[in-house]
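*Asks:* So you can see what is in the structure, the chains are spelled out below.
2 protein chains.
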Amino acid sequence: MNSLLSLILGRRLANREVQRRKIGAFAGVPAMGLDAIGSSSYGPEAALTILAPLGAASLDYILPITAAILVLLAILYVSYRQTIHAYPSSGGAYTVAKENLGTQASLLAAAALMVDYILNVAVAISAGIAALVSAFPALAPHTLMLCLATLTIITLANLRGTGEAGRMWALPTYTFVASFAVVIGMGVAKAIASGGHPAPIAPPPPLADSAAAAGLWLALRSFSAGCTAMTGVEAVSNGISAFREPSTRYARRTLLSIVLILGVLLAGIAYLVQAYGIGAMDQTQDGYQSVLSQLAAAVAGRGVLYYIAIGSLLCVLVLSANTSFVDFPRLCQMVARDSFLPRAFAVAGRRLVYDVGILYLASTAALLLIAFGGITDRLIPMFAIGAFLTFTLSQTGMVVHWHREQKKTRHVDSHVAARLAVNAVGATTTGVALAVILTTKFIEGAWITVLVIPAVIFLLRKIRQYYDEVGARTRKVEPLAITHVDPPIVIVPTENWSRLTDRALAFALQISPDVIGVHLTSLNGPDDDSEKETHLREQWRIDVEEPVRAAGITPPRLVVLPSHYRNIHGPLLKFISEVEEKQPDRQIAVVIPELVKLTWWQHLLHTHRARRLRAALLRYGGSRLVVMNIPWYLEEPRPAEALEPEAAPPAHRPHVIRARAR
Amino acid sequence: MNSLLSLILGRRLANREVQRRKIGAFAGVPAMGLDAIGSSSYGPEAALTILAPLGAASLDYILPITAAILVLLAILYVSYRQTIHAYPSSGGAYTVAKENLGTQASLLAAAALMVDYILNVAVAISAGIAALVSAFPALAPHTLMLCLATLTIITLANLRGTGEAGRMWALPTYTFVASFAVVIGMGVAKAIASGGHPAPIAPPPPLADSAAAAGLWLALRSFSAGCTAMTGVEAVSNGISAFREPSTRYARRTLLSIVLILGVLLAGIAYLVQAYGIGAMDQTQDGYQSVLSQLAAAVAGRGVLYYIAIGSLLCVLVLSANTSFVDFPRLCQMVARDSFLPRAFAVAGRRLVYDVGILYLASTAALLLIAFGGITDRLIPMFAIGAFLTFTLSQTGMVVHWHREQKKTRHVDSHVAARLAVNAVGATTTGVALAVILTTKFIEGAWITVLVIPAVIFLLRKIRQYYDEVGARTRKVEPLAITHVDPPIVIVPTENWSRLTDRALAFALQISPDVIGVHLTSLNGPDDDSEKETHLREQWRIDVEEPVRAAGITPPRLVVLPSHYRNIHGPLLKFISEVEEKQPDRQIAVVIPELVKLTWWQHLLHTHRARRLRAALLRYGGSRLVVMNIPWYLEEPRPAEALEPEAAPPAHRPHVIRARAR
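So the sequence lines, in the order shown, correspond to chains A and B. Its first residue numbered 1, the first sequence is counted upward by one per residue in this note's numbering. Its first residue numbered 1, the second sequence is counted upward by one per residue in this note's numbering.
Pulled out of the complex, with its shape left as it was, chain A reads as follows:
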């Protein structure tokens, strides 16, 4: 089991190895940036799709709309840069909102981000696989299976570690960036050389003449659709803890790289789309080609470069799910630390990543994929809301933050004032964008997000409430109270007397003078041919009472209880409550000898009565009861087994063994 896990996930890492596990900008861009970079493919496409009714006239709008988006992107970059600086340990929206806007806002940010991250995984993978399937229609029947297989690969890579995942995806990421840099560079050069009207190598389908009139509403809708290109920009701020020291520097560097790549792509695409006259095609029609595919074909023809560019784009689309895998577990860890999520989310796993968060993300996304059969188009409208809600909350939080800083310093600091201004502009613009997105996409499906987020917040609050209750009950309020130190009454239950029960009795006599042996009969059913009571008592006298008396100890007494319903816990619990009634100020200890099973087939060969008795006693025994387990081994275990495989990296192990053999 452990060796299989080692093979798949690598050896268990020690806490002290955490610094070595952190990443720089090279792995940071593939790990966290693919959500943003991948958006460059569907942002412009979404904007053009809204403009499609305008026909060729749509091209007049794409440049100003892209310019607006780029301005927003620049504002976001500057303000997130500031956020990272101000909250160097974790500058995510959750922390910023918690520190500056209060719990309710932080839970809103957390819920929005969680929903967003889960949707991102499902949508990214199914979009990527849909692109693959449209290239190879023979794969269509396996869509769901391909989605789940991809999900599994990304999950395993992230369970190995954020760095591993980042390095694994570096090749497709940088191939994508390089190939589209070449395509855009070539395109721009040709466009300039041809005076703005380059001849396409593979010409895109011609655009119709203006069919509808343009208007502000259409432009707004197109802008809000294009804004999906910006989802993922917040990723770095949520994942700062993944970077190595100085984490602020690496985080900023990663953020800058991502924003630059995205900006150049968006600008280049907008320019070339207009130069080559490329519009969005109807996805539901046969022969559909994405905007980027038309663009690459127009600029470079359908040659090697085209296939490299489109192939790596497909990888990037699928792998943009990785951003969620980096940020979601880290977000959940912070939320769990504040007791709004189960504690297990806050525990670093085998490879120092938060396994529970990763597995939860993977399984929820898998459920979504299965529920929608691997085609998650309908989820897309729910998508951008979370991102822009988070943008707005984070920016607003930062405005409050700078405002407080200003108050603290008690004089007007022009630096702080400038920062406040940037974040205020950011908050306003993203808030407006959010309002536009909400309005334009409400009927299409955004209303679901509006319903889901409050439900998530309710759940988070309920979890916190439970922990608060448990905390209040278990909190240590006063020094240890030593009320009575009488040893407990010890009960040794058994179905037949063996060396196991001998050990249990011997131990019971060590800790208390009041020991009761309880023999249970009829455990196997009415035909159980157990020994007769008189015989039992005689054996007890010879085997137990006499040697104990000889050692100068009060001998334990024997109680024989029939089990009418073939369980040990029934008669035993009844007996215990009788003893408790007679001895109201004593604790009761039950000593259960247990044969330790080491292999799977041993589990099949034993009846697990010891385990079941323990569970029932702990469940129903009450707080005056203590359950003691005495292990009994067919072969004495070596505790080293439990430690060795984890204590040293596998490569060093033979060495360690040799050193010890000396």
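Derived by calculation from the structure, the hints in this document are not laboratory data. Treat each hint with caution, since some may be false.
Heads up, the list lumps identical chains together, so a pair's fine if it works in one copy or across two of them.
No farther apart than 25 Å at their CA atoms in a straight line, the calculated lysine-lysine pairs in the BS3-like style are these [said to hold, decoys possible]:
(1) Lys-532 with Lys-574
(2) Lys-476 with Lys-462
(3) Lys-476 with Lys-190
(4) Lys-22 with Lys-190
(5) Lys-582 with Lys-462
(6) Lys-462 with Lys-597
(7) Lys-190 with Lys-597
Given the structure is predicted, the values throughout are model-derived calculations rather than measurements.
Once you have looked at the hints, place chain B on chain A.
*Replies:* Quick look at chain B alone, frame taken from chain A:
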């Protein structure tokens, strides 16, 4: 959970209710007899199929072959009657072979019976469903699902109890018997009235003229095929323990009923087949009709009687799986009592039947059905071998038994001699039949049985060997040894100090003066911001050391251990082995406080470190370790909850509660 089980299976039964649960002959025939009675449909058909190449001439052979089968049946009846008399508690082949032929023979009988019973379930259900599907071809795509649904119903009925199952199947069974009694009676009357050549109402397809020459080999093959009509006759002898007292009488009465029904059916079918000129049709051809269907149509026409007869036959075919459900768990119980099967097979369950055997039978049969897609024709050749092997072993065992009886009485007892003779004839005939079946069916698939049975025996022996080993190691060989009575060194591990740990510490101080508190740090990962060691030590001094010293007890010491790999057991096991080395003659007790979870969502909200620590300590701790669990409740449990629902039948419960409220 418990109430759901109560609804499906009925309340848990007490051991003392066992007599009321046993059955008489009325329920005995449907419970155990359907395997034998159902055979009347495929035995004659199988014999006629072998004779089919003879065409019309086949009808000359069917009477003598049936006569031979009836003689064998009579011998089997008499000898099983004797067996039941001689072994009134369980006269199955396993017991008889064990008592008279030794372990190897008894295991051979057990393995043969087990394989036979499992095959019977799969074959019976799939044959019944195949007949249903051939009547309603629209059901064909659901064959497997229908098989599994039927299996589930039969399994649930038998989990409720053998009597419940018997009474549930009484209606279809006695309908089948009555309707075919009428058909055969009418047919015979018509045949006699018409001088041996009755006119069929719905004429069967005409038989071809003799196409091939008959021979001894063909007759032998036909006889051995017809012998499948006898499988299931041994069922009563294996299930005697299901009958109420005097069980011998009820068992004999049931056996007699079954054999009489079967004999009359076989004789009537053979006579009418010959009178009406009915042959076996090719199952692979369209328009196939079974022999019994042709016969019922010929005698009674396709009216109400026909449909009642064929409908109840279909039920009987499906329900003949029930015989296995009665006998297999009882056989396994006996084998498990002799330690050749896991102990769980010998434990009477909720409803005083052997649940584990029933569930094992059901799941193995389900696997067979799934593996063969619900069409188990290919399993049929493997089928009769087990039955005839058991017949032979049981008869041979009885011969040895009577031989011993003769020796015991030391004079020739004519009664015993007669019985020996009957069983000797039985053994010889069934032995010959076994040889014929093996020879004729070897290539068709009987060789698989020949391979599987030794494999099962090997497994049974391995299981016994394991139990013998465990038994030898755990057997109590001498009176209780009181070597040293020093209290153990008690370790109280914790991740943070709360009222739970206070209770654990207070208990530890009750049982030993040597207590060590172990505080584990860095459990959640490298970022774990646990309290500083100096702060901890200060708190320990005030909260623990001072009050304990004030109570006049040696205060426990505190050890702080960092957990590099985020588990409690690693550093703790290392610490324990250090303590053990220093104190070679003391036991170590670890006290684990555990918050008891009562609902499923509580399980999600806690990290289960207490449970995992206990498992690791028991697994690796070694035999000087004792693990103590101190339960801690958010709400004190009422032990009555664990007892009440099972202590009294549901109908009486309100009464009990009222009586207590006074």
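*Asks:* For every hint, state whether the structure bears it out.
*Replies:* Each hint, compared with the structure:
no.: 1; hint: Lys-532 with Lys-574; result: within (22 Å within a copy, 46 Å between copies)
no.: 2; hint: Lys-476 with Lys-462; result: within (23 Å within a copy, 54 Å between copies)
no.: 3; hint: Lys-476 with Lys-190; result: neither (75 Å within a copy, 94 Å between copies)
no.: 4; hint: Lys-22 with Lys-190; result: neither (43 Å within a copy, 95 Å between copies)
no.: 5; hint: Lys-582 with Lys-462; result: neither (42 Å within a copy, 49 Å between copies)
no.: 6; hint: Lys-462 with Lys-597; result: between (40 Å within a copy, 17 Å between copies)
no.: 7; hint: Lys-190 with Lys-597; result: neither (74 Å within a copy, 70 Å between copies)
Against the hints set out earlier in the document, violations occur for numbers 3, 4, 5, 7.
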